[in-house]
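Student: Residue-level listing of the chains:
There are 2 protein chains.
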Amino acid sequence: MFQSATIPQEIDRKDYQARVRNLRKTLLDLQHELRDKKSFATIILLAGLDGAGKGAAISRLYEWMDTRYLTCNAYLEKPGEEERLRPAMWRYWRDLPSRGETAIVFGSWYQHPLKAAVLDKIDQQTLEHELHAINRFEEMLANENVLLLKFWFTLPEEEQEHRLKRLSEGKEQERHYLEEWSSVKNHDSAQKIGETTALHTSTGYAPWYVIPSSSPQQRDLALAETIAQAMQRKLETSSLAQPLAAPAVLPRLASGATIKAIELSASLDKPLYKQELPRWQERLSGYVDSKAFRKRSLICVFQGNDAAGKGGSIRRLTAPLDPRFYKVYPVAAPNEVERLHPYLWRFWQKVPRLGHTAIFDRSWYERVLVERVEGFCSEADWMRAYSEINSFERELKDAGAIICKFWLAISEDEQLKRFKDREKTDYKNYKITPEDWRNRLRWDDYEIAAGDMIDRTSTPYAPWTLVSSQDKRHARVEVLRTVCNALQAQL
Amino acid sequence: MFQSATIPQEIDRKDYQARVRNLRKTLLDLQHELRDKKSFATIILLAGLDGAGKGAAISRLYEWMDTRYLTCNAYLEKPGEEERLRPAMWRYWRDLPSRGETAIVFGSWYQHPLKAAVLDKIDQQTLEHELHAINRFEEMLANENVLLLKFWFTLPEEEQEHRLKRLSEGKEQERHYLEEWSSVKNHDSAQKIGETTALHTSTGYAPWYVIPSSSPQQRDLALAETIAQAMQRKLETSSLAQPLAAPAVLPRLASGATIKAIELSASLDKPLYKQELPRWQERLSGYVDSKAFRKRSLICVFQGNDAAGKGGSIRRLTAPLDPRFYKVYPVAAPNEVERLHPYLWRFWQKVPRLGHTAIFDRSWYERVLVERVEGFCSEADWMRAYSEINSFERELKDAGAIICKFWLAISEDEQLKRFKDREKTDYKNYKITPEDWRNRLRWDDYEIAAGDMIDRTSTPYAPWTLVSSQDKRHARVEVLRTVCNALQAQL
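Chains A and B supply the protein sequences, listed in that same order.
Counting along the first sequence from 1, when you hit position 390 you're at 477 in our numbering, and nothing is skipped either side.
Counting along the second sequence from 1, when you hit position 14 you're at 101 in our numbering, and nothing is skipped either side.
No wet-lab data here; the hints were simulated from the structure.
Be aware that one or more of the hints could be misleading.
You can't tell identical chains apart in this list, so a pair holds if it fits in one copy or across any two.
Claimed, not checked - Calculated pairs, DMTMM-like style, for lysine to aspartate or glutamate (alpha carbon to alpha carbon, straight line, at most 20 Å):
| hint | residue 1 | residue 2 |
| --- | --- | --- |
| 1 | K559 | E150 |
| 2 | K165 | D409 |
| 3 | K437 | E170 |
| 4 | K518 | D123 |
| 5 | K165 | E458 |
| 6 | K484 | E510 |
| 7 | K347 | E363 |
| 8 | K511 | E150 |
| 9 | K515 | D558 |
| 10 | K437 | D182 |
| 11 | K515 | E312 |
| 12 | K347 | D531 |
| 13 | K252 | D275 |
| 14 | K414 | E480 |
| 15 | K112 | E453 |
| 16 | K208 | D356 |
| 17 | K437 | E425 |
| 18 | K437 | E169 |
| 19 | K112 | D210 |
| 20 | K414 | E150 |
| 21 | K484 | E188 |
| 22 | K559 | E170 |
| 23 | K437 | D485 |
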């Protein structure tokens with residue numbers, strides 16, 4: 088697809104100026120419409136050959152667009168400590184623009200596979216594997232209504248050589264940050280691998296655009312005009328657009344049998360509990376203090392019936408932990424800023440670094456539980472959430488996380504008893520709201536949603552543990568035991 | 088003040104339970120009232136002797152309070168890379184709770200001075216200097232309506248020894264994270280330095296409370312009851328409260344003469360400009376690429392009359408910079424989340440790490456410009472802002488920042504010309520709003536505010552440069568030259 092990008096004719100000065108005037112007006116109007124409507128976020132991703140003028144093009148966009156709604160996220164090849172100790176995609180997630188805003192991304196998620204492939208550090212298969220992961224990420228962005236535009240800046244070899252020479256001699260009035268892997272020496276290889284990459288990742292929702300960069304004026308016009316057109320088109324159609332992942336027909340879902348099958352009779356008497364609890368807490372303490380754990384992290388997710396005792400179980404789990412190394416995140420409705428970002432964004436912010444523990448009291452699974460049951464998101468949204476969540480947890484696992492997910496179950500009768508008890512006890516009645524009573528009326532719906540969730544997100548690397556919480560002592564020890572076993576198996 | 092903290096009587100079980108029930112109800116009600124009213128943020132700061140049970144007390148608060156509005160920020164003694172490359176207070180600023188929320192802080196801003204003083208790494212004078220800086224910080228918190236409660240956990244030496252022994256033998260069911268500097272070996276010294284510290288930093292707005300910790304039950308009750316009382320009192324009075332820093336009488340302010348005195352006739356002709364601009368850009372590029380700059384950072388602040396050409400000057404400044412190492416921050420009104428935090432919080436988030444550059448298109452100075460003139464904050468708020476800003480910039484400088492602040496000035500007539508020009512030009516008219524015309528009517532007020540700002544925040548470490556922007560070419564080169572000279576002088 089790169090061949091067709093031939094060197095264009097030099098543009099007439101007057102024509103250029105007229106087009107720029109037009110373009111600036113259009114871009115600004117689009118940005119301001121977006122600022123008001125907040126219908127989507129825009130990401131402008133720049134990649135391509137060394138010396139093709141990506142930096143100069145960024146400056147041009149800064150000149151032509153309203154910088155209040157434009158940001159540039161340029162990433163170092165060598166990630167910093169905070170980044171190195173988290174999944175590779177963490178830094179990109181952290182910086183995703185909010186709806187209404189535009190971000191230029193330079194040194195993007197393509198940087199690693201491209202560079203590694205050109206320098207022969209990964210084979211074709213690994214490259215394709217990485218590109219596949221990128222496709223999934225970009226599909227998620229598209230589904231979350233992010234406009235993603237990807238540009239490949241290209242130059243013929245002799246032109247590149249000429250330009251790099253002028254740059255090194257200080258004859259160009261622009262900044263040059265050397266990208267060794269795509270410099271003249273690697274021109275052919277970089278072009279070839281860039282093309283392979285583009286072929287694999289040029290999708291309907293996130294196509295690549297090739298920008299011939301011999302003429303700076305043509306280059307900047309092509310870039311900015313493409314951006315303007317794409318924004319315009321998305322603004323016109325976004326209200327009508329169908330989510331990409333909407334299944335034609337919903338797959339057959341489970342019936343809630345998974346949840347119904349949980350054996351609720353297990354219990355633990357007090358003397359045994361007083362013996363078991365400290366025993367497991369001490370073991371847990373030993374695991375997270377071990378040297379091996381410094382290269383891992385622990386992520387625990389708690390979901391379950393209302394009043395199943397998530398809070399109590401979490402407190403027994405954290406008691407033996409050092410507060411400098413763990414964080415508990417109670418998950419409520421997203422705030423204003425979070426609502427303007429893709430769904431998983433706020434959870435990515437909370438991904439623990441290696442050596443640390445994050446405990447989620449409710450979690451990203453609310454998407455397929457309360458949001459599904461109460462209709463807070465569309466069917467297509469929660470249907471695609473299963474695979475998005477699986478990808479998310481896979482990335483966590485690949486970066487060293489040990490993941491334990493708990494569903495704490497109680498019977499409908501037991502819940503009623505606990506609700507009434509909560510209402511009676513002064514310092515507990517804040518825990519019981521009209522909403523809890525309403526949710527209770529939809530017991531069966533939640534049971535089905537939870538069953539589907541467990542069926543569709545139980546992976547070898549992030550399994551669900553179904554815990555009867557009918558007897559709280561049993562549940563607390565069971566949670567601790569499961570976490571200890573996971574740590575033992577994986578450390 | 089620590090002597091009076093004698094060992095209390097063991098508490099009767101029934102009495103304890105009744106008090107706990109009461110307390111939990113009270114704490115929860117207070118938290119929920121705060122959640123709704125969002126009148127202030129609460130910080131619970133824990134310090135004291137090793138083994139006194141700070142960790143156990145944290146667990147208790149987690150049990151008694153609503154964890155949705157409670158968080159624990161516990162800091163490692165050794166800061167991570169991101170933290171090390173920024174001012175020492177950065178990590179504490181980053182985590183300040185928002186109004187309506189409560190944060191437990193463990194390993195706080197007292198950690199360094201306390202530890203260093205006990206281990207004899209700093210002398211009395213340095214200690215007092217650090218404590219003085221802490222007082223200023225806490226005064227700012229109080230002024231920003233943060234309820235700050237500081238607790239010193241204490242134990243007699245023999246008790247401490249006994250407890251640490253039981254902990255090391257695993258006889259206690261709680262986590263122990265060793266704080267060497269305050270363990271038995273250093274008991275007396277830690278108590279003494281703790282007391283000195285408390286005496287220096289126990290202020291009316293942020294007093295220290297001593298918590299005798301021999302009895303865990305008494306300890307937890309004393310802690311939680313103090314918290315409840317303080318929250319209650321602040322809730323009752325906060326609507327009536329006078330800001331701390333309200334001056335009885337406003338000091339005499341400047342008359343705007345500072346601004347009027349700016350010589351606006353300077354200009355630069357085009358041929359010279361074409362020569363000078365790249366020359367300074369190249370020098371700038373050399374400075375920020377130098378090895379010496381890796382241990383420094385650059386912060387540029389742009390303020391000035393509307394239409395003075397801040398954006399254009401910034402673009403000429405960034406042209407020679409590598410986008411991976413700089414960020415431009417256009418500053419607008421704070422968003423919902425930012426409004427719930429102390430004023431400087433959002434700027435602390437943007438403090439660059441060493442080796443990086445941050446450029447602010449408008450800045451924290453809006454407090455003493457538009458917010459003052461338009462009455463968006465009280466007189467007391469903007470009056471105290473001068474010294475808060477000076478402290479802020481001092482901290483930046485002490486951590487390696489080179490700070491350049493620019494006031495770009497044009498005449499009233501020139502502004503009118505540019506406003507009209509902006510209205511006529513398609514792609515410029517978004518820059519001119521009814522607000523700009525309104526601001527223009529208050530030219531004199533802004534002139535006085537700017538004059539005061541320059542008088543009161545021109546420090547040797549962060550000087551203002553007044554630049555005539557009547558001729559844009561002159562202004563652009565002047566800005567570059569000033570930045571280059573600052574870099575040359577300080578690298």
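Student: As a check of your reading, is K484 near E510 (CA-CA no more than 20 Å) within one copy, between copies, both or neither?
Tutor: neither (41 Å within a copy, 55 Å between copies)
Student: Is the C-alpha distance from K208 to D356 at most 20 Å within one copy, between copies, in both cases, or in neither?
Tutor: For K208 and D356, neither the intra-copy (58 Å) nor the inter-copy (53 Å) Cα distance is at most 20 Å.
Student: Checking an output row: K414 and E480, CA cutoff 20 Å. Within, between, both or neither?
Tutor: For K414 and E480, the Cα distance is within 20 Å only inside one copy (18 Å; across copies 31 Å).
Student: Is the C-alpha distance from K437 to E425 at most 20 Å within one copy, between copies, in both cases, or in neither?
Tutor: Both, since 13 Å and 19 Å are each at most 20 Å.
Student: One pair to classify: K484 and E188, alpha carbons no more than 20 Å apart. Within, between, both, or neither?
Tutor: Classified as neither: same-chain Cα gap 31 Å, cross-chain 32 Å, threshold 20 Å.
Student: My question is about K515 and E312: at a cut-off of 20 Å on alpha-carbon distance, are they close within one copy, between copies, both, or neither?
Tutor: Between. Shortest inter-copy distance 18 Å satisfies the 20 Å Cα cut-off; intra-copy 60 Å does not.
Student: When no copy is specified for K347 and E363, does a C-alpha distance of 20 Å or less occur within a copy, between copies, both, or neither?
Tutor: neither (28 Å within a copy, 78 Å between copies)
Student: How would you classify K252 and D275 at a CA-CA limit of 20 Å: within, between, both, or neither?
Tutor: For K252 and D275, the Cα distance is within 20 Å only inside one copy (18 Å; across copies 69 Å).
Student: With identical chains treated as interchangeable, where does the CA-CA distance between K437 and E169 reach 20 Å or less: within a copy, between copies, both, or neither?
Tutor: both (12 Å within a copy, 16 Å between copies)
Student: For K437 vs E170, is the C-alpha pair at or below 20 Å within one copy, between two copies, both, or neither?
Tutor: Classified as both: same-chain Cα gap 13 Å, cross-chain 17 Å, threshold 20 Å.
Student: Go through the copies and call it for K112 and D210: within, between, both or neither, with a Cα cutoff of 20 Å.
Tutor: neither (46 Å within a copy, 62 Å between copies)
Student: How do K112 and E453 come out at 20 Å by Cα distance, when the copy is not named: within, between, both, or neither?
Tutor: neither (42 Å within a copy, 29 Å between copies)
Consistency with the previously given hints fails for numbers 5, 6, 7, 15, 16, 19, 21, 22, ordered from lowest to highest.
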